[in-house]
Amino acid sequence: MAVISAKDLTVEYYNSGFSLKHISFSIDEGEIVLLTGPSGSGKTMLLYCLSGVIPHCLNMRTYTGAVYINGVEISKTALSEITKMLGIVLQNPTAQIFGRTVEEDMAFGLENLCVGRDEIKRRIDETLKLVDLEKYRESDPFSLSGGERQRVAIGSTLVMKPDILLLDEPTSNLDSRGTKGVIQTIERLKEEKKTVVLVERNIEHIMPVVDRIIALYDGEKVTDSKPRDFFAKQILVEKLGVNPPQVVRLIYRLRAEGIDIKELPISIQELYCAIDDKREWMDAKYYQHKKSMVQI
Amino acid sequence: MQNIINIKNLWFKYEESSPWVLKDIDLTIRRGEWVSIIGQNGSGKTTLVKHINGLLKPVKGDVLINGTNTKKAETWELARSVGFVFQYPDSQIFANTIFNEVSFGPRNLGFSEEEIEQVVTSSLNQVGLHKNLDTKPGSLSTGEKRRLAIADVLAMKPDIIVLDEPTTGQDESTCENLMNIVKELARSGKTIITVTHDMELTAKWSDKVILMDLGKIIKNATPRDVFTDFELLKRIEIDPPQVALLSSILNLPRTPITIDDTVELLKMWISR
Numbered sequence: 244m245a246v247i248s249a250k251d252l253t254v255e256y257y258n259s260g261f262s263l264k265h266i267s268f269s270i271d272e273g274e275i276v277l278l279t280g281p282s283g284s285g286k287t288m289l290l291y292c293l294s295g296v297i298p299h300c301l302n303m304r305t306y307t308g309a310v311y312i313n314g315v316e317i318s319k320t321a322l323s324e325i326t327k328m329l330g331i332v333l334q335n336p337t338a339q340i341f342g343r344t345v346e347e348d349m350a351f352g353l354e355n356l357c358v359g360r361d362e363i364k365r366r367i368d369e370t371l372k373l374v375d376l377e378k379y380r381e382s383d384p385f386s387l388s389g390g391e392r393q394r395v396a397i398g399s400t401l402v403m404k405p406d407i408l409l410l411d412e413p414t415s416n417l418d419s420r421g422t423k424g425v426i427q428t429i430e431r432l433k434e435e436k437k438t439v440v441l442v443e444r445n446i447e448h449i450m451p452v453v454d455r456i457i458a459l460y461d462g463e464k465v466t467d468s469k470p471r472d473f474f475a476k477q478i479l480v481e482k483l484g485v486n487p488p489q490v491v492r493l494i495y496r497l498r499a500e501g502i503d504i505k506e507l508p509i510s511i512q513e514l515y516c517a518i519d520d521k522r523e524w525m526d527a528k529y530y531q532h533k534k535s536m537v538q539i
Numbered sequence: 119m120q121n122i123i124n125i126k127n128l129w130f131k132y133e134e135s136s137p138w139v140l141k142d143i144d145l146t147i148r149r150g151e152w153v154s155i156i157g158q159n160g161s162g163k164t165t166l167v168k169h170i171n172g173l174l175k176p177v178k179g180d181v182l183i184n185g186t187n188t189k190k191a192e193t194w195e196l197a198r199s200v201g202f203v204f205q206y207p208d209s210q211i212f213a214n215t216i217f218n219e220v221s222f223g224p225r226n227l228g229f230s231e232e233e234i235e236q237v238v239t240s241s242l243n244q245v246g247l248h249k250n251l252d253t254k255p256g257s258l259s260t261g262e263k264r265r266l267a268i269a270d271v272l273a274m275k276p277d278i279i280v281l282d283e284p285t286t287g288q289d290e291s292t293c294e295n296l297m298n299i300v301k302e303l304a305r306s307g308k309t310i311i312t313v314t315h316d317m318e319l320t321a322k323w324s325d326k327v328i329l330m331d332l333g334k335i336i337k338n339a340t341p342r343d344v345f346t347d348f349e350l351l352k353r354i355e356i357d358p359p360q361v362a363l364l365s366s367i368l369n370l371p372r373t374p375i376t377i378d379d380t381v382e383l384l385k386m387w388i389s390r
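Residue numbers (our numbering), protein chains in the order written: chain A, 244 to 539; chain B, 119 to 390.
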């Protein structure tokens with residue numbers, strides 16, 4: 244069942260003239276969808292449209308078409324109702340953190356919904372564990388590193404238990420340890436049938452959890468496909484300036500060198516498996532007759 | 119090459135009662151080198167580079183930039199030598215137009231109006247930001263703001279440029295272009311320091327990699343030496359570039375750390 248849908252959405256900012264043009268798609272419950280495209284293609288603007296920030300908080304020159312969350316048209320729904328269904332984590336976590344302690348920041352939304360103290364404590368305990376910040380409960384969020392602050396922002400959103408989570412570059416400031424933590428968090432959300440829409444450049448690390456990729460170019464949707472199908476469109480991927488996983492770029496280069504690869508591995512694990520499968524994936528012109536000589 | 123940065127027995131903590139954030143750092147960086155500082159969040163990378171532009175002063179030890187001890191220099195004096203591009207461009211950009219933004223630094227350093235116009239244009243060209251000079255920085259995308267912040271620094275013609283997470287918010291082609299520009303700057307004698315979690319960038323572009331953990335430098339070596347030390351990387355949970363992992367499976371004669379290197383090796387491996 245579609246929990247998010249955009250129907251012929253056209254939106255234009257005042258002044259900059261920047262716009263989204265006739266965007267339509269739908270996202271089912273439990274899907275993890277990556278929005279991608281070059282700088283200025285409209286990814287963040289689309290995320291704002293899905294979250295209701297547009298049109299509720301930002302005045303637009305044009306807003307036509309519609310966005311539906313759980314069947315509700317969001318431009319006609321109060322933001323307070325929308326925020327019960329979804330949470331958004333901004334690219335720069337500092338923009339949305341204001342609590343004096345991590346715990347206070349996480350409690351803020353729940354207190355505003357008049358959730359009981361015991362329940363608030365229980366949810367914060369659970370969320371701190373999920374985002375691996377248990378030891379920072381009493382810490383000032385602004386004393387933490389960039390990655391830790393990112394996890395505070397994600398935690399403060401997750402604690403509200405939204406069914407839909409919108410993440411704007413959630414791993415862009417994280418180290419490898421923090422990135423793994425966020426990916427594990429997304430995996431857990433997926434198991435719980437939560438829907439996640441994320442804008443991310445760090446595609447290599449996030450790819451194992453992504454079900455679908457929607458790409459934008461100059462405010463228009465140019466593709467909506469599964470990751471492998473997306474990366475198979477090399478010309479489009481290059482036009483979009485998307486940075487595919489290194490293993491995909493390696494395959495592109497090998498193809499350019501005349502070494503044809505039948506199946507496109509999109510992760511190092513898949514490349515391992517392909518190699519383990521007697522390397523039949525590698526249809527090299529000068530490889531076949533020497534195959535027996537190769538030792539692994 | 120001449121050493122442009124000399125750090126001797128540097129110890130630092132933010133408050134008297136807080137733990138040491140940097141512990142006994144000894145480091146020399148030569149003019150024209152591109153050095154990447156890597157490590158987990160909280161390992162001390164940003165704190166270390168803030169000592170290079172004098173935003174922080176050592177609690178113990180010394181930091182010498184071009185022979186000048188940062189303890190004895192004002193931050194504005196160091197700004198002539200060290201340009202700092204912050205991790206978040208919004209922390210750095212404040213003016214109402216692109217021209218005012220990029221001209222702010224050189225104007226404060228006493229450049230003439232003619233020089234200012236020239237450096238603004240050349241700096242924007244260098245980062246590929248071909249916008250009307252009256253454009254409001256706030257209307258730029260995140261990637262464009264990043265390039266604007268780099269132009270701000272280039273306009274002051276510093277000897278050392280510190281880039282904190284330079285690839286964040288950049289698409290691949292823009293990033294490649296930008297790194298090429300940075301490489302040119304290094305070739306022209308500028309010293310480049312990148313603080314990054316982008317291991318591919320580090321492997322491809324740096325001359326030297328400084329690996330930090332818990333406030334200490336635990337390795338200071340070439341990208342190849344760092345990214346083939348799998349045991350160390352595993353211990354501090356840093357993933358090398360994906361291609362580095364191919365060597366053990368394919369029994370390659372050496373560990374590739376970039377795509378170019380991998381393609382070369384695979385061609386040899388296939389045709390043997």
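Just so you know, the hints here were simulated from the structure itself, not pulled from any lab data.
A couple of the hints might just be wrong.
Below, in silico cross-link-like pairs of lysine-lysine (DSS-like), each with a Cα-Cα straight-line distance of 30 angstroms or less [stated by the list, open to error]: (1) K404/A with K378/A; (2) K378/A with K301/B; (3) K337/B with K482/A; (4) K352/B with K433/A.
Contradicted hints - numbers only: When the structure is compared with the hints, numbers 2 and 3 turn out to be violated.
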